[in-house]
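Student: Same order as they appear, the protein sequences are chains A and B. Going by our numbering, the first residue of the first sequence is number 251, and it counts up by one from there. Going by our numbering, the first residue of the second sequence is number -14, and it counts up by one from there.
Calculated directly from the structure, the hints in this document are not laboratory data. Accuracy of the hints is not assured; some may be wrong.
Taking lysine-lysine pairs in the DSSO-like style, the calculated list, with each CA pair at most 27 Å apart, reads [as the list claims (entries may be wrong)]:
| no. | chain 1 | residue 1 | chain 2 | residue 2 |
| --- | --- | --- | --- | --- |
| 1 | A | K363 | A | K346 |
| 2 | A | K363 | A | K328 |
| 3 | A | K328 | A | K346 |
| 4 | A | K346 | B | K9 |
| 5 | A | K346 | B | K53 |
| 6 | A | K346 | A | K320 |
If you're wondering where the values come from, they're calculated on a predicted model, not measured in any experiment.
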Amino acid sequence: AQTVTQSQPEMSVQEAETVTLSCTYDTSESNYYLFWYKQPPSRQMILVIRQEAYKQQNATENRFSVNFQKAAKSFSLKISDSQLGDTAMYFCAFMKPIVNDMRFGAGTRLTVKP
Amino acid sequence: DAGVIQSPRHEVTEMGQEVTLRCKPISGHNSLFWYRQTMMRGLELLIYFNNNVPIDDSGMPEDRFSAKMPNASFSTLKIQPSEPRDSAVYFCASSLGREAYEQYFGPGTRLTVT
Chain A
251 AQTVTQSQPE MSVQEAETVT LSCTYDTSES NYYLFWYKQP PSRQMILVIR
301 QEAYKQQNAT ENRFSVNFQK AAKSFSLKIS DSQLGDTAMY FCAFMKPIVN
351 DMRFGAGTRL TVKP
Chain B
-14 DAGVIQSPRH EVTEMGQEVT LRCKPISGHN SLFWYRQTMM RGLELLIYFN
36 NNVPIDDSGM PEDRFSAKMP NASFSTLKIQ PSEPRDSAVY FCASSLGREA
86 YEQYFGPGTR LTVT
């Protein structure tokens, strides 16, 4: 079974600074997908970024980027120029294609301070 | 695009009552997922459908829970009889499938069973 571990229950960062959230996973699969979701206080789950395991290039979406280390089974999220609206729970998720079984980590609560 | 629609947004009911949660996936998406989120257990996949057919219901807690998808645009999750431990936020999500596996979540239904 796949497991997803987020070792940082809580983090904080000053507005405009950069923060990195960690995620590791355990799998014997070679083809899979990884995601970061954001859950603000409104509780809406919002897709932040996705990464296909077969792609070596790290995904980037505006201020959000990932550091995907396949051999180390690590998938960290970097948020640049942090904004107050980035305050939320962030969930790392793993999914095998076809099977569609998405597994989530326990989440990291990020607070951006003014 | 309306996104995934869930109703009701909040539900308060008494123990023993039947509860029905509803979901309308994004038009054109062929996979639908039901999740439960609690503080203790995080996000758990309950069941998912592909092309209206239940594929994996191993996450359904017990026989009190049932889910249906009578057509491509509607799904229900029913709890009968409800118990206080069923109190949680229930999310519905949908995905296009094939090479677009990211899931898009609805706003969730906060269920409180007293």
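Student: Next, verify each hint and record whether it holds.
Tutor: Verification of the hints:
no.	hint	in the structure
1	A:K363 to A:K346	violated, 36 Å
2	A:K363 to A:K328	holds, 17 Å
3	A:K328 to A:K346	holds, 23 Å
4	A:K346 to B:K9	holds, 24 Å
5	A:K346 to B:K53	holds, 24 Å
6	A:K346 to A:K320	holds, 15 Å
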